[in-house]
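Asks: The listed protein sequences correspond, in order, to chains A and B.
Our numbering applies: residue -4 is where the first sequence begins, and numbers increase by one.
Our numbering applies: residue -4 is where the second sequence begins, and numbers increase by one.
Any given hint might turn out to be false.
Identical chains share a label here; the pair holds if one copy fits it or two copies do between them.
Heads up, simulated SDA-like pairs for lysine to any residue below, C-alpha to C-alpha not over 25 Å straight-line [as the list claims (entries may be wrong)]:
1) Lys61 with Gly93
2) Lys23 with Ser33
3) Lys172 with Arg73
4) Lys50 with Val190
5) Lys86 with Glu193
6) Lys86 with Ser197
7) Lys126 with Val113
8) Lys23 with Asp164
9) Lys126 with Leu41
10) Lys140 with Asn194
11) Lys86 with Glu131
12) Lys23 with Gln179
13) Lys30 with Gly169
14) Lys126 with Thr31
15) Lys140 with Val190
16) Lys172 with Asn44
17) Lys23 with Gly169
18) Lys50 with Glu84
Worth flagging that the hints you see were computed from the coordinates, not collected in a lab.
These are the residues of each chain, in order.
2 protein chains.
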Amino acid sequence: MVFILDKSSQVTIHTLQRMPYYLQVLQKAEARGVKTISAVTIADELGMNSVLVRKEIAAVSTRSGKPKAGFEVAPLIRDIEDYMGFNNEKKTVIVGAGSLGRALLGNSEFSEYGIHIVAAFDVSDAVIGRKINGIEVYPVEDLEKYCTDNSIPIGIITTPVSAAQRVADALVRGGVKAIWNFAQTILNVPEGTLVQNENLASSLVLLSRHINK
Amino acid sequence: MVFILDKSSQVTIHTLQRMPYYLQVLQKAEARGVKTISAVTIADELGMNSVLVRKEIAAVSTRSGKPKAGFEVAPLIRDIEDYMGFNNEKKTVIVGAGSLGRALLGNSEFSEYGIHIVAAFDVSDAVIGRKINGIEVYPVEDLEKYCTDNSIPIGIITTPVSAAQRVADALVRGGVKAIWNFAQTILNVPEGTLVQNENLASSLVLLSRHINK
Chain A
-4 MVFILDKSSQ VTIHTLQRMP YYLQVLQKAE ARGVKTISAV TIADELGMNS VLVRKEIAAV
56 STRSGKPKAG FEVAPLIRDI EDYMGFNNEK KTVIVGAGSL GRALLGNSEF SEYGIHIVAA
116 FDVSDAVIGR KINGIEVYPV EDLEKYCTDN SIPIGIITTP VSAAQRVADA LVRGGVKAIW
176 NFAQTILNVP EGTLVQNENL ASSLVLLSRH INK
Chain B
-4 MVFILDKSSQ VTIHTLQRMP YYLQVLQKAE ARGVKTISAV TIADELGMNS VLVRKEIAAV
56 STRSGKPKAG FEVAPLIRDI EDYMGFNNEK KTVIVGAGSL GRALLGNSEF SEYGIHIVAA
116 FDVSDAVIGR KINGIEVYPV EDLEKYCTDN SIPIGIITTP VSAAQRVADA LVRGGVKAIW
176 NFAQTILNVP EGTLVQNENL ASSLVLLSRH INK
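Using the sequences and the hints given, assemble the complete structure.
Replies: So, in structure tokens, the structure goes:
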């Protein structure tokens, strides 16, 4: 079965995508010694609507803001971090140590989010055995066994299209439950495996369609 | 004004993100000599619902499928390509030639989508004057003038957070109307400038939240 994650059905994705910005506002406030913050203040800083801010905070935190004073900053930061899984470490492997793979390996934000890329895999002798940002690159033949041995739940595919399905098969045999697929092809995976297809070009197309209006 | 592109308000984004997969199915069918294809067939190949497929095709093409026979493959391919702007070239610059910048410079899919990255900018003497994937890297001091002189509508920011606002200011002064921002910070831009914030980590968080259910 092919499963394309339909973002429109995910009630939380937009909220989730904005949480890093909420955190930024809250952390800046905390650094200034601010103890409580209103939804209106958060909304103003983010150019958002305060009704939406209240709704989104309610989706990730059971704390209700006090009338007038607003939300307590420190507990709200903790709630958002919990919601984002910062304290729930997830081991991830990346397959394909080309330019995109290396960019992802160098992304320090993933670990802030509790996501730890623990190994990379490639076919090229030029990178196998090297370390990129401290993460070792193994031969792709070892992928399935590595995933099984280390109980890896998430795999990232940044290979060429021609290799993506074989890689997905190896990840699935290795017990991976979620695949983040940057290869522009449709992967066949069994029921129960989640595939999120990432198409960076379509983000750019969206932007360019907006400026053409 | 800070503008966070609220994807939930964009009726076309999910449709847009699926279009490359529609194209893939249609082009495979065309290569096999298939002249017409039904919404059900497309839906089956993509693991989607055929009602949604019909709705999305109607959003990008005025051609209605014939009862039983379905859609004519070749004209539908052309309609989707037009909708995606494949034939409407947009010049784009990228600021920050680090690992992510280089990965984007190496992404050949952008040009398939009519988006041409024409120049890169960086602060480092190690990369200034070099070519990456055929695209020259200029000093960031030249950014504003380059954008003005070449009527650049789109800028991509892949700099560290500390440089992102200054880069955004230079892009805006250079006449750029849309910014694709990979730096995890909120940019202040004037009304009329569109900012799309890309947070790759949140995609991973979304996946990991799904497997924890």
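Asks: Hint by hint, say whether it matches the structure.
Replies: Outcome of the hint check:
In the homo-oligomer, the alpha carbons of Lys61 and Gly93 never lie at most 25 Å apart, since the shortest distance is 50 Å inside one protomer and 45 Å across protomers. For the homomeric pair Lys23 and Ser33, the shortest alpha-carbon distance inside one copy (14 Å) is at most 25 Å, but the shortest distance between copies (54 Å) is not. In this assembly of identical chains, the alpha carbons of Lys172 and Arg73 never lie at most 25 Å apart, being 27 Å within a copy and 37 Å across copies at closest. For the identical chains of this complex, Lys50 and Val190 are inter-copy neighbours only, at 23 Å across copies versus 28 Å inside a copy, given an alpha-carbon limit of 25 Å.
Taking identical chains as interchangeable, the C-alpha atoms of Lys86 and Glu193 lie at most 25 Å apart whether they share a chain (20 Å) or sit on different chains (22 Å). For the homomeric pair Lys86 and Ser197, the shortest alpha-carbon distance between copies (15 Å) is at most 25 Å, but the shortest distance inside one copy (28 Å) is not. When the C-alpha separation of Lys126 and Val113 is checked against a cutoff of 25 Å, the pair qualifies only within one copy, where the shortest distance is 11 Å, while the shortest distance between copies is 32 Å. In this assembly of identical chains, the alpha carbons of Lys23 and Asp164 lie at most 25 Å apart only when taken from different copies (22 Å versus 44 Å within one copy).
In the homo-oligomer, the alpha carbons of Lys126 and Leu41 never lie at most 25 Å apart, since the shortest distance is 39 Å inside one protomer and 37 Å across protomers. Within a single copy, Lys140 and Asn194 get their C-alpha atoms no closer than 29 Å, and across copies no closer than 31 Å, so neither meets the 25 Å cut-off. With identical chains, the CA atoms of Lys86 and Glu131 are at most 25 Å apart within one copy only, with a shortest distance of 14 Å there and 37 Å across copies. In this assembly of identical chains, Lys23 and Gln179 lie within 25 Å of each other by CA distance solely across copies; the values are 14 Å between and 39 Å within a copy.
Taking CA atoms no more than 25 Å apart as the test, Lys30 paired with Gly169 passes in neither setting, with 47 Å inside one copy and 40 Å between copies. Proximity of Lys126 to Thr31 under the C-alpha cut-off of 25 Å is found in neither arrangement, the shortest distances being 44 Å within a copy and 50 Å between copies. With identical chains, the CA atoms of Lys140 and Val190 are at most 25 Å apart within one copy only, with a shortest distance of 21 Å there and 43 Å across copies. Taking the shortest alpha-carbon separations for Lys172 and Asn44, only the inter-copy value of 23 Å comes in at or below 25 Å, while the best intra-copy value is 36 Å.
For a Cα distance limit of 25 Å, the shortest separation of Lys23 from Gly169 qualifies neither inside one copy, at 42 Å, nor across copies, at 30 Å. Taking the shortest Cα distances, Lys50 and Glu84 never come within 25 Å of each other, neither inside one copy (27 Å) nor across copies (40 Å).
The earlier numbered hints that this structure contradicts are 1, 3, 9, 10, 13, 14, 17, 18.
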